[in-house]
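Asks: Spelled out from the first residue to the last, the chains are:
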Amino acid sequence: MLSSYIGYYSLIIGLISSLLLVYFSLKNFKNYQFLDIKILSLTFLQFLFVMISFISLIISFLLSDFSNETVFNNSHTTKPIFYKIAGVWGNHEGSLLLWLLVLTLFTLIFLLKTKNQPLKYRVLTTLFQQIIIIGFFIFVIKTSNPFNYIFPTPKEGLGLNPILQDPVLAIHPPILYLGYVGSSIIFSSALAATALGYISKNWASHIKKWVLGSWIFLTLGILLGSIWAYYELGWGGFWFWDPVENVSLLPWLVLTTLLHCILALEKRLILTSWVIILSISAFTLSMCGTFLVRSGILNSVHTFANDPERGIFILIFLFSLIFISIIIFFFFHEKNESTNINFFWLSKETAILINNWFMMYFLSVVLIGTVYPIFLDVLTSDKISVGPPFYHKLIAPFLIPFLFMMAIGPRLKWIKSNIENKVHLILALISSILITFLIVKNFNFNFLINITVISGALFLFYITLRDFFIKKNRSNSQKISHFGFSLLILSIMLNNIFSNEIITNLKVGQIFNSSNTKITFSDINQKKEKNYKSIIGNFIIESKNGKTEKFAPELRIYNQPNIITSEADIKTTLTKDEFMTINVVQNQDYFNIRYQVKPFMIWIWLSVILISFGGLISFFKKEYEK
Amino acid sequence: MKSKFFLFISLLIFLIIFFIFYKGLQKSNIYKPSVELNNKIPEYSSSLLDLDREINYSDIFKSENYYLLNIWSSWCVPCRAEHDLLMDLSKNKKITLIGLNYKDNINNAKEFLNELGNPFKLILVDVDGIQAIEWGAIGVPESFLIYKNEVLKKYIGPLDKNLLNQIKLLIE
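Sequence order for the protein chains is X and C.
Under the working numbering, residue 626 is the last one in the first sequence; the count climbs by one each step, no gaps.
Under the working numbering, residue 172 is the last one in the second sequence; the count climbs by one each step, no gaps.
These are computed hints drawn from the structure, not numbers from a lab.
One thing to keep in mind: the hints can contain errors.
[Unchecked claim] Under the rule of at most 27 Å between Cα atoms (straight-line distance), these lysine-lysine pairs were calculated in the DSSO-like manner:
no.: 1; chain 1: C; residue 1: Lys40; chain 2: X; residue 2: Lys383
no.: 2; chain 1: C; residue 1: Lys153; chain 2: X; residue 2: Lys507
no.: 3; chain 1: X; residue 1: Lys479; chain 2: X; residue 2: Lys621
no.: 4; chain 1: X; residue 1: Lys209; chain 2: X; residue 2: Lys621
no.: 5; chain 1: X; residue 1: Lys383; chain 2: C; residue 2: Lys103
no.: 6; chain 1: C; residue 1: Lys103; chain 2: X; residue 2: Lys518
no.: 7; chain 1: X; residue 1: Lys528; chain 2: X; residue 2: Lys507
no.: 8; chain 1: X; residue 1: Lys507; chain 2: C; residue 2: Lys168
no.: 9; chain 1: X; residue 1: Lys547; chain 2: X; residue 2: Lys576
no.: 10; chain 1: X; residue 1: Lys621; chain 2: X; residue 2: Lys113
no.: 11; chain 1: C; residue 1: Lys161; chain 2: X; residue 2: Lys507
no.: 12; chain 1: C; residue 1: Lys103; chain 2: X; residue 2: Lys507
All chains should be built: construct the whole structure from the sequences, respecting the hints.
Replies: Structure follows, in structure tokens:
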């Protein structure tokens with residue numbers, strides 16, 4: 001009750017301080033001697049008030065204060081404390097408040113960390129940032145207020161969606177948001193730098209940290225979401241090309257490209273237009289993601305709220321930001337690139353540029369696959385859904401030259417490189433093709449694509465691995481990340497080729513026999529927990545070589561809200577995952593059994609961790625080591 | 001000036017995208033099958049497995065006869081188990097069996113029928129699973145008993161001896 005009031009009025013004060021900040025920034029911008037101390041303190045106050053608001057929402061959840069509509073809709077007294085707190089951002093209103101909190105925090109950090117940047121640039125960035133913040137404040141207060149009051153106070157809440165009651169998913173949104181919101185700083189700062197003509201090597205090396213930071217968080221956020229989908233949704237895959245997964249991939253692709261362009265800009269003052277456009281699109285695509293997820297315009301497993309009013313608000317806000325950025329880009333951007341602008345064909349920047357174009361291609365494939373159904377629906381009322389084959393067919397062939405450039409690029413020098421001493425590259429290429437041929441030859445499907453993609457990945461694997469031993473101390477971060485990427489593609493490909501699955505319906509006591517596996521459904525147990533009942537099926541799986549293993553996949557029937565979830569039983573080893581789920585078949589005593597063997601599953605997760613670890617090293621690298 | 005031109009083009013493109021998204025918001029995006037169980041059969045057309053033409057559902061079920069629509073697939077293990085029963089049922093003159101081949105590889109489907117026999121008069125092909133949704137099916141196999149353009153009974157999961165006798169009694 002009280003905490004709702006405190007939270008709501010803190011939000012209002014936060015909005016007022018935003019408006020004040022806009023006023024003071026404009027004033028400070030005109031007469032620029034030194035940073036107005038009011039700007040710094042107001043930014044701090046704003047962060048403080050959003051923090052208070054966020055904490056009051058947490059308190060409302062902890063106390064199960066059902067006079068608050070958000071708490072009523074998403075919590076329940078029998079829920080464990082951990083999920084009461086995680087429930088704060090497990091819903092639309094709370095997650096927006098979290099977004100706002102991170103946004104104000106980052107603005108504050110930006111102001112504190114840029115003491116040696118030009119004043120005008122700092123003030124202008126703050127101004128753009130405040131425009132975004134105001135947009136979000138109005139959005140939260142007007143269409144998704146987390147502190148709505150309901151009377152009479154209900155006795156019990158509706159509960160958190162059980163599939164969201166999961167430790168991984170509890171930290172997935174905050175981490176993803178750190179990535180999304182970090183890109184807002186890149187956006188504002190790129191706009192400010194363009195408007196002031198301050199796109200320079202100095203600017204590049206300062207904004208690089210922000211790009212790296214957001215990129216790391218985004219990578220980890222996507223990874224967590226993917227792990228969750230793997231064991232919780234019970235489909236046995238890790239990436240489904242679901243629209244909501246795609247919209248988190250879009251800013252990731254842009255940020256990855258931006259990361260490489262920033263390097264080129266920092267070293268050679270080239271690719272400035274690339275950097276500006278990518279900085280703008282990284283944030284607008286993050287916003288676009290929010291729009292697509294929150295408005296319910298897409299049909300997806302992640303759709304939270306179907307409220308067109310919210311959708312229209314984000315849509316208008318998003319497009320006003322796009323229009324502002326386009327206008328700033330066209331009117332203020334002057335190419336002040338360095339004089340020796342010509343690219344030598346064999347140089348690091350050419351390699352970066354080529355892979356930029358590949359990245360843009362991947363980006364447009366994912367973008368078209370995601371929004372094309374909406375367009376088609378509006379224009380012709382046809383309903384289509386774009387599935388994995390579309391993405392696989394369009395992306396896989398272009399991965400090959402992409403991987404190749406990834407291996408070659410870092411070995412080239414800036415400006416100009418020689419062809420000498422590249423014999424081992426060709427040797428590595430030939431041997432990787434040979435090895436791949438030996439692996440894949442017994443499997444005749446999609447032979448050509450498999451063999452080429454795997455050899456591409458193997459090639460990158462070799463080259464990066466070899467670099468670890470030969471050139472020490474030079475850009476370890478790049479090596480680790482590229483190595484991780486080769487490992488990722490390798491494990492995905494091998495996982496794809498060697499996975500197999502058995503789907504069948506069994507009754508208790510029945511035995512299923514296939515050529516090399518025997519599944520025995522031995523019995524069923526029931527268990528009662530605090531907020532759910534569970535049915536556990538006990539299975540014995542006997543493989544061809546006589547090895548037996550016990551599996552106990554579970555079905556949970558949650559009481560609040562009444563939802564059935566299936567908990568997979570997964571046995572993870574270094575070489576493979578064995579994955580088993582059960583499902584009820586309606587009105588029958590059959591259970592639908594799904595048993596999958598997925599090789600190298602854990603390597604997919606590990607390689608993504610490796611990729612972001614590379615970024616982390618670069619993030620903490622001291623300036624003088626460069 | 002060149003850059004002015006690009007400015008207007010990009011503004012125009014984004015404006016169009018804006019309006020399409022805006023329109024998209026007003027549309028409901030939940031795909032609802034047009035019939036529920038115990039209702040009329042759905043209105044839909046489908047391609048056939050061995051003939052190169054489309055057929056309307058209303059043309060399939062038009063005669064005064066019992067029909068059994070069976071959703072099957074070559075990859076579905078229980079389908080294999082119930083197939084003998086379907087072969088048995090197909091000998092009965094009073095009922096016509098219609099197959100709906102669900103999310104299958106056409107060649108595998110044909111092989112399946114070559115191996116175990118073809119009980120179906122017609123086989124509809126449902127590559128993307130939309131038709132199964134139209135029927136309100138949950139999985140494979142499923143069977144629908146149809147009489148006079150109306151679904152009388154729905155059987156989820158494979159048919160067994162008891163269910164088969166039930167069907168035979170019903171159509172007597």
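Asks: Would you mind marking each hint as holding or not holding in the structure?
Replies: Now the hints, each set against the structure:
| no. | hint | in the structure |
| --- | --- | --- |
| 1 | Lys40/C x Lys383/X | holds, 23 Å |
| 2 | Lys153/C x Lys507/X | holds, 23 Å |
| 3 | Lys479/X x Lys621/X | holds, 14 Å |
| 4 | Lys209/X x Lys621/X | holds, 10 Å |
| 5 | Lys383/X x Lys103/C | holds, 18 Å |
| 6 | Lys103/C x Lys518/X | holds, 26 Å |
| 7 | Lys528/X x Lys507/X | holds, 22 Å |
| 8 | Lys507/X x Lys168/C | holds, 25 Å |
| 9 | Lys547/X x Lys576/X | holds, 15 Å |
| 10 | Lys621/X x Lys113/X | holds, 16 Å |
| 11 | Lys161/C x Lys507/X | holds, 16 Å |
| 12 | Lys103/C x Lys507/X | holds, 25 Å |
Violated hints are absent here; each numbered hint is respected by the structure.
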